[in-house]
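Given the coordinates of chain C, work out where chain V should sit on it, guided by the hints.
Quick mapping for you: the protein sequence lines, in order, are chains C and V. Going by numbering that gives the first Met the number 0, the first sequence opens with residue 0, and the numbers climb by one from there. Going by numbering that gives the first Met the number 0, the second sequence opens with residue 0, and the numbers climb by one from there.
What the hints contain is simulated information worked out from the structure, not anything from laboratory work. Fair warning: there could be bad hints in the mix.
[Said to hold, decoys possible] Rough simulated footprint, nothing fancy, chain C against chain V, three-plus residues with beta-carbon under 8 Å: (1) 29-41; (2) 189-197; (3) 204-217; (4) 261-269; (5) 348-354.
[As the list claims (entries may be wrong)] Listed next, with one range per pair, are the computed distances between beta-carbon atoms: (6) C:A339 <-> V:A248: 24 to 30 Å; (7) C:R90 <-> V:E275: 41 to 47 Å; (8) C:V433 <-> V:P430: 42 to 48 Å; (9) V:P432 <-> C:P85: 54 to 60 Å; (10) C:R364 <-> V:D428: 53 to 59 Å; (11) C:G82 <-> V:D325: 36 to 42 Å; (12) C:R364 <-> V:D325: 39 to 45 Å; (13) V:A278 <-> C:G295: 48 to 54 Å; (14) V:D393 <-> C:P399: 42 to 48 Å.
[Stated by the list, open to error] One-sided excerpt, in silico: chain V residues whose CB lies under 10 Å from chain C: (15) G11; (16) E13; (17) T16; (18) R25; (19) S74; (20) L132; (21) V139; (22) A222; (23) G294; (24) A339; (25) R343; (26) T344.
Beta carbons: idealized from backbone N, C-alpha and C, even for Gly.
2 protein chains.
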Amino acid sequence: MPPPACPPVPAGLELFTDLYELRMARAYRALGMDRQEAVFSLFVRRLPRNRNYLLACGVEDLLDTLEGLRFGPESLAYLRSLGEFPEEFLRWLAGFRFTGAVRAVPEGTPVFAEEPILEVVAPVAEAQLIETLAMNQVGVQTLLASKAARVVAAAAGRPVVDFGSRRAQGVDAAVAGARAFHLAGVAATSNLLAGARYGIPVAGTMAHSFVQAFDSEAEAFRAYVRLYPETILLVDTYDTLAGVRRVVALAAELGDAFRVRGVRLDSGDLLALSREARAILDAAGLRQVQIFASGGLDEERIAALLAAGAPIDAFGVGTDMSVSADAPALDLAYKLTAYAGAGRTKLSPGKRILPGRKQVFRRFRDGLAEGDTIARAEEPPLPGEPLLVPVMRDGRRLRPRPPLAQARAETAARIAALPARLRGLGAADPPYPVAISEALAAHEREVRARVAS
Amino acid sequence: MPPPACPPVPAGLELFTDLYELRMARAYRALGMDRQEAVFSLFVRRLPRNRNYLLACGVEDLLDTLEGLRFGPESLAYLRSLGEFPEEFLRWLAGFRFTGAVRAVPEGTPVFAEEPILEVVAPVAEAQLIETLAMNQVGVQTLLASKAARVVAAAAGRPVVDFGSRRAQGVDAAVAGARAFHLAGVAATSNLLAGARYGIPVAGTMAHSFVQAFDSEAEAFRAYVRLYPETILLVDTYDTLAGVRRVVALAAELGDAFRVRGVRLDSGDLLALSREARAILDAAGLRQVQIFASGGLDEERIAALLAAGAPIDAFGVGTDMSVSADAPALDLAYKLTAYAGAGRTKLSPGKRILPGRKQVFRRFRDGLAEGDTIARAEEPPLPGEPLLVPVMRDGRRLRPRPPLAQARAETAARIAALPARLRGLGAADPPYPVAISEALAAHEREVRARVAS
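Same shape as in the complex, but just chain C:
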């Protein structure tokens, strides 16, 4: 079934760039520098708190966008209205297409500080223009996938459903986020646009408003079950345990026709309520009726509930996952690392840039990752798996977008191959070791000495 004809990002996206990118592009062009080859590297400077690793995501949407990026007449008219760009430059923009090469780690690859998530090799004016898009898209999707991986780990095999669209920071974060969550192991999303666009399983139960619209909760349950016999019933509108007892009464009323899959607890003390609900259901012989919990959940609360033995079978997670509440932004950078064939860096404090084109080698022992080395792309391969692979050349994808189900399975395998101390919620001790190769370290010294002179 084809997805609806909606682009991954709104029309006019060629303008989703910062004014300074266009000013610099125009300057490069005026100075005859625009065709010089530049290397830009997209990486995270340091991991946010509460993250032992990040899960790379967003590259596939970015590649689709790069392939289609054109400056339409309305965008050009807007730029002309700013009164600072010469007609020659606007004509160049009218013919713009991204012609660069991209190497990237596959989506769902765990990455660490300073490791390139992607590297762009392109004429400098082109590589510059895509900075805002690349950072924004890879940033938000990596942020959200990384958060979801923690929630999924906390749920310890129980399904997690994304309920976050209402509280996500905008439409794009909700839809791209639903995909990032699914990649990271979330079972389903409530968001139909994400379901349609990416083929993610969709899920949903009922809202309080439905119960409220009836004169009694019992009547609301009866009506809903008639239409959705296998639904999950939301029981906390008035009194959670009374709601559970109404489900028991409904089971008695319906006999063999009772096929309700579960009850959903959405407020109150979820540990106590889940135990009491389980006891009530079991006493009524309704062992097959599952308990679904939601309401203010994040990975810490899920872990605490399960550690205390809460008999919860599945979790609905919204707000905290949808905005990565404990770490709502990444210290992401998109930096020039080479220009016209020579390595580049800067010396600003706290803002290291590893020069040149790079590769990351991940070493495994007994199936578990034991350390990475960031190396020069040009040096002889080091031991381990090279993480960056070519994904675009001359502005064209080298392969179609992998099916999401396949990417999701590979992601699960990559996470499972991390040392156990990284997969837990606490700070990994020791942190995962990431080294710099001797050749890269020597190149960095050389470039720093050159630019400092």
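Then chain V, alone, in the frame of chain C:
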């Protein structure tokens, strides 16, 4: 100059809803309830930490979307593919348009916990379907406008420029956020799509990459100034104060042709560096060259810099403002408060719903707000300004979107009319008083007693 032909939100947005909304809509229809009148209220249950008030935003984009919301053939095909919706319901969706009425507080109105930002009166199935959109859009824009108001307050009259698009949570958050920031008092945005779509002033300087691409910083400055004589020069790529001295040298070189407006400090100790930069510039007779600071700024850091006397003339603020880092989500709710003419509520702990249609009256003394009362919409008007005004009837706007500049000026006046203790960064003591009218309290008691029975 017309904005580019890009919708405020991507095509396919009719699917930006949660599966349960459609399940309930179908149930209402199957049960013959779908045309019953429902009242839904959108409000924040409690203010997030570090917020003395919220700045309502997002209603204008929502109204545009509601006017145009239609289920296209591809969306219907997707819904059909889910295999659970009868053809009769899909036909109803094919003819769907939002026919409801909306009352809302004007964008840029300070609001408090439990005060309706908007109320929808519509056939229940329609009001239900728009929940996800309404919460997502009003939520993110209110969140971001509220954060920006703090940053603007901290800057104490100095211009603040939005540099957040690269770190915002997605394209929509960046673009709608730029508008929310501007409404709240931010002077300009770096984002061209936001500039084009909403007519926001755009600003930008240069990136480190431009400096890095040259063999020397002096050469990079010289080249850039030739094209952009009045630019702000980024001086921290290698050594901030050496960069400032290069600007001084450039001034000597160019003589009367030197028109550089400022230097930008983007890393390091901004207090010490701004003082030293100011001293260097002043000693060279360049008092007119301003100091622009950016890099990891938020309202607290800006306030601390200015309290310490940092000679900074303008601020570029990115990450922390663009994701509202200290409070990245609102405890927003969209709740059924009346159905078929009767008030509704729920009794879940910590999730109060004030029943019925409501109005908020804000009382002023000597031009300053001194307290609000949330009242029934039906009761005789209380003293003060009624905040909710009709903005949509029969699914059509009652007036066009107000010009952003006008909305921005009105917002500034509304913020200025808050008591001073609310406008500072610290917790307002005492908090702003919000009362419930006697008639509303009585109605709440009556509805709670009814549903508890």
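Here's how the hints hold up against the structure:
| no. | hint | in the structure |
| --- | --- | --- |
| 1 | 29-41 | holds (count 6) |
| 2 | 189-197 | holds (count 7) |
| 3 | 204-217 | holds (count 9) |
| 4 | 261-269 | holds (count 3) |
| 5 | 348-354 | holds (count 3) |
| 6 | C:A339 <-> V:A248: 24 to 30 Å | holds, 25 Å |
| 7 | C:R90 <-> V:E275: 41 to 47 Å | holds, 44 Å |
| 8 | C:V433 <-> V:P430: 42 to 48 Å | holds, 47 Å |
| 9 | V:P432 <-> C:P85: 54 to 60 Å | holds, 58 Å |
| 10 | C:R364 <-> V:D428: 53 to 59 Å | holds, 58 Å |
| 11 | C:G82 <-> V:D325: 36 to 42 Å | holds, 38 Å |
| 12 | C:R364 <-> V:D325: 39 to 45 Å | holds, 41 Å |
| 13 | V:A278 <-> C:G295: 48 to 54 Å | holds, 52 Å |
| 14 | V:D393 <-> C:P399: 42 to 48 Å | holds, 46 Å |
| 15 | G11 | holds, 3 Å |
| 16 | E13 | holds, 8 Å |
| 17 | T16 | holds, 6 Å |
| 18 | R25 | holds, 7 Å |
| 19 | S74 | holds, 5 Å |
| 20 | L132 | holds, 8 Å |
| 21 | V139 | holds, 5 Å |
| 22 | A222 | holds, 6 Å |
| 23 | G294 | holds, 9 Å |
| 24 | A339 | holds, 8 Å |
| 25 | R343 | holds, 4 Å |
| 26 | T344 | holds, 7 Å |
Checked against the numbered hints given earlier, this structure breaks none of them.
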